[in-house]
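Sequences and hints are given; from them, build the entire structure.
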Amino acid sequence: MNRITIALWNPIVSKEYRSRMRTWRSPLAMTVYILLLGGVGWAIFSSTAATARNSFNGAQAANYGQVLFLWLILFQMVLLAFITPALTSGAVSSERERQTIDLLFVTKLPAFSILWGKLLASMSFVILLLLLSVPIFSLVFLFGGIELDQVLIAFLVTAVAALTLGIIGLACSTAFKRTLPATVSAYGAAFVLLAGSLLFGLLFPTDINPNATRAPAPPAVTYLSPILPLVVIGTNGPINGYGIRNGGNYLTQGGGMACSSGPNGVQSCYMTTVPIGKGFVGQPPQPSGTTIPSGLFSGWQYWQATITMQLAIALVALILSALLLPPIRQLPWRRRARGVG
Amino acid sequence: MITVEGLTKIYGNRTALDNVSFEVPKGEIFGFVGPNGAGKTTTLRILAALLEPTSGRALVDGADVIEHPDLVHERLGYMPDFFGVYDQLTAGEYLDFYAACYRLPKARRKKIADDLLELVGLSDRRDQAVDTLSRGLKQRLCLARALVHDPAVLLLDEPASGLDPRARVEMREILKELQTMGKTIVISSHILPELTELCTMIGIIDQGRMRATGPVHDVIRQLTAGRRLRITVLGQKEEAAAVLKPLSAIHEVVMVNGTIEAQYDGDDAAAAGILQTLIAAGIKVSGFSQLEGGLEDAFMKATSEDI
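Protein chains in written order, with this note's numbering: chain A, 39 to 379; chain B, 46 to 352.
Hints in this document: simulated from the structure, not taken from any laboratory. Glycine is no exception: its CB is placed at the ideal position from the N, C-alpha and C atoms. This list has only true hints and no planted wrong ones.
So the derived label-pair ranges between C-beta atoms look like this:
1. A:Glu135 with B:Asp195: 26 to 32 Å
2. A:Thr251 with B:Asp115: 56 to 62 Å
3. A:Leu241 with B:Asp115: 45 to 51 Å
4. A:Arg60 with B:Gly207: 27 to 33 Å
5. A:Phe229 with B:Thr177: 36 to 42 Å
6. B:Gly166 with A:Arg60: 24 to 30 Å
7. A:Arg60 with B:Arg180: 19 to 25 Å
8. A:Gly234 with B:Asp115: 36 to 42 Å
9. A:Gly226 with B:Gly51: 43 to 49 Å
10. B:Asp115 with A:Asn274: 48 to 54 Å
11. B:His262 with A:Glu135: 42 to 48 Å
12. B:Lys151 with A:Gly327: 51 to 57 Å
List time: in silico DSSO-like cross-link candidates among lysine-lysine, alpha-carbon distance up to 30 Å:
13. B:Lys221 with A:Lys146
14. A:Lys146 with B:Lys183
15. B:Lys183 with B:Lys151
16. B:Lys183 with B:Lys71
17. B:Lys71 with A:Lys146
18. B:Lys183 with B:Lys156
19. B:Lys155 with B:Lys221
20. B:Lys183 with B:Lys155
21. A:Lys146 with B:Lys156
22. B:Lys183 with B:Lys221
23. A:Lys146 with B:Lys151
24. B:Lys183 with A:Lys215
25. B:Lys155 with A:Lys146
26. B:Lys290 with B:Lys329
Here it is, written out as structure tokens:
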């Protein structure tokens, strides 16, 4: 058996599937997930239908499709941010609490395989939830305005964000002996990743340089949040007025998402902020397109920057977990100290 | 098969193990006894490569527990004192899961699970959920789990704790069968009479220090040095004690349940001399026998004073 087969062949995955799918909790979670997502889709659809009762044309239909997609994908992201930490934050700590972890450690499974198996089993459930949501998302295509590649990229961003949250949950589960503190810290990390990075953009925005030839972009930290690329993908347009300030004196706060009608009846949606304080307001170049106009990830798509940063965090969290988990840590510097070649 | 050299484990200010050393040759059953908190579980966890010692080393079948924990895990089966089971798995699936964790091929796993369930008497529970089994049955299943990869060494931490007398007898029978299969077994227990019957070697540990170790009868002889006589007399206990105490061979004379127990040095001739002296003093002796020291005596002696 080669190394790749050994790494992938993991009895923990099948054991976890068996345990998970034999309880009533999994079908219930899937049902609630579909009902919530479907409920939001239905609510948006109903309000759109009420608005469009008197005047409805093709361009408006495309815009309604865009709005429906944006709300659905953002709501799905928030739902997964609640579900994924719960799936992984007890993965290792519950084994400790149940006094089964030693029995795993004395087998031939390396510690990394235990982590990998737990992660794969949890992420499979997340993938299952994402697949279950596909029929709901297909409603968007009734209206148009969203291309298949947008849906695929949005799902990729959502899946990678869920994976990152899952690995962070796993790291918390490895670091803490008890499930409760592990779960609390996993949810804290999820909040920081989703909302904290966005808040950072509001509190510490990029200063606009009036002489710059490129449009300003929000600080790179804000790309950690999957919300930003999902908005860009959903609106198929640039981020306007978020995470930037003029000359260092122009502060912004609050805000959200706003949509406005264009001359041909097409609506465009964008992130907004409310300006506060006084200062010089210049006329910097305006961002256009869906790429990051300047900064560390200049020229990248927002989703590419987000995925790269999240995967880097996930990798670090996974390495930390693999180092923390074994009962006897074979750290290279400790081996050297013991005089082992 | 097992070598422990100068094992020390310190938790903060507390020394759990203090320079513990012992050896268990292949095929022996080593009884590890000591009061609660003596360091038995710590020693077994170090041997199972689940805990790092502060100093010293431990080898299982030649593999160092720190340098080659993977080899150690291949060669030993470990049964902890407290353990949990997974929900939603049957006994057969439970063993199959651990067999898979030991990377045994799928084709062999079913037969191994069936054989082990038969060995521990759980064949009829193959399809029962493991979390619904009684404690005794879980103990047996855990023993079967420790055997899935056919290890040469078994570490059993209090395998009989919490079991009723019948389950204990059944567990003992299983261990005897494993002994005949050539396994080297280290077993920690509080049930001393059972250990005397089962074990070929013994180690007595107290407050993290190994008080005595070696073949069972050697340890008992070593710790219960001086032989004991049980003497029954007809109503003249005080007089008999007064005759015995001045004798140079006698160390101690005590009254136990209406009989006299006297500890003495010497061989059978010395015992005969003591009897003659009593009779010559006019004591009417109705019973005179030698008492064999037991593991319990050895244990009490080893754990009640520094050696």
